[in-house]
Amino acid sequence: MSSDHKNGQHGASIPAYMLVALILIVVTALEVGIFYLDVVGELLVIIMIGLSIMKFGLVVGYFMHLKFEAPLFTYFFLGGLLLAISISLAFLTLFTNFDIGEPNVAQIAPATPTPYPTPTVVMVPVESASNIVSEGVVDTLVGGEGIFVGKGCAGCHSIDGLDGAVGQVGPNLTNIGTVAGTRISGVNAREYIENSIMNPSDFIVDGFAPVMPELMGSFKEGEFKELVDYLESLE
Amino acid sequence: MAITSENQEHTSTGLSNRKLLMWTFLGSECLFFGSLIATHMVNRNEAAFVHGLSPACLLDIPITSMSTFVLLMSSVAMVLAVAAAYRFDVKQQRLWLLMTASLGIIFLGFQAYEFQTFVNEGLTIGTNLFGSTFFTLTGFHGAHVTLGVVWIFIMFILTYIKPDATSNPLNTDIAGLYWHFVDIVWIVIFTVIYLIGSYGLDCGHVG
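Heads up: the sequence lines are chains A and B, in that order.
Counting from 197, one number per residue, gives the positions in the first sequence under my numbering.
Counting from 924, one number per residue, gives the positions in the second sequence under my numbering.
No wet-lab data here; the hints were simulated from the structure.
From a predicted model like this one, the values you see are computed outputs, not experimental measurements.
Fair warning: there could be bad hints in the mix.
[To be verified] Looking from chain B toward chain A, a few residues come up when the C-beta cut is under 7 Å (computed):
hint, residue
1, Gly957
2, Ser988
3, Ser998
4, Thr1114
5, Leu1118
[As the list claims (entries may be wrong)] Computed footprint of chain B on chain A, listed as stretches where at least three residues anywhere in the stretch have a Cβ under 8 Å from a Cβ of chain B:
hint, segment
6, 218-226
7, 233-245
8, 400-414
Glycine residues also receive a C-beta, built at the ideal position from the N, C-alpha and C atoms.
Isolated chain A, as found in the complex (with noise of 0.2 Å):
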């Protein structure tokens, strides 16, 4: 009804209500297009949040008619929704590199290396292990080594020579391409490597616990393949 905007209570007219509603949808079928075609890379990140921003605001804007209203409304949720945004901004600077459109490898270094903690009891929670690494690898290292350390492995392994391996809750793992092969029968040492990182509980060596987390889900492609290459080439 036209009296409707006589009040103030109505920004839009049904019709109007009706295109914001397509042009959310084809954003939508948009967004989801995107994601399948994989044409947009890194950029992906960056197109998605302006899509959903431009979501964001025809529905604040539109089907809640802040747009319309007294500003004294705007400015209440605004001023929830900045402070939101920024704390948000503030703890992804604070604890990523803003590498949130896939994880990392290697973790960057801060600028003063501190001693490694040497680890003397046997369940070291993952996540403080990857810490004790990230801490003082310097992060040139590039292909196997690189995932080595990125995924955590040097938390709990040693390999001698690499920076930053001294683990001590996992078997030591610098002859481990000669190693492997005479472990189990019949499997030989590329088997026994590539199966002991996809289930670490099946093949477990004497006096370790089966403390191994499952890695696979976290393998960018061809870093599982990488990551064999390196540890067989250890002879």
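Fit chain B to the supplied structure of chain A, relying on the hints for placement.
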């Protein structure tokens, strides 16, 4: 008719205090959900995030796209309910209130199915950081949807048994504000947790 003017109570700001309170509450809800979403994003880089089960193996984008669409449609239904309330068209108001609540229940059904699937796959709130932050965030969102469904359904019932209480369009309007807010929180969750969250991660089952 003096119906519209008697809805406007006198306040020092000249605005409805109840509406202002709702917007203030929604501002504080931004902080609530903002902190949960930030926690999820911050922990995404931790090795323990996927300890056990990876989001890439679990998150079902097609199904969630459907539930996102359902929630979006419920927002459209709510808009129509509020518009009908301001026209004092009780029949339309009832229809769209019922539609909103029903679509909300369908959304909750999707969520229950998703939670059930995740638990069957072995992901609980204690499995890894992903499980903790995911169930906390979407669980609180689901609780908000549930509250909204109850609220809107009560309004639907009240249009029959206590028409005086629902004849003021402001009541429907305020319920609508809450409902739309729940929708925009899901817009953010869908983008951040589902689309961005599973991008670049391999599901573990490689050779």
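Contradicted hints - numbers only: The structure breaks none of the hints.
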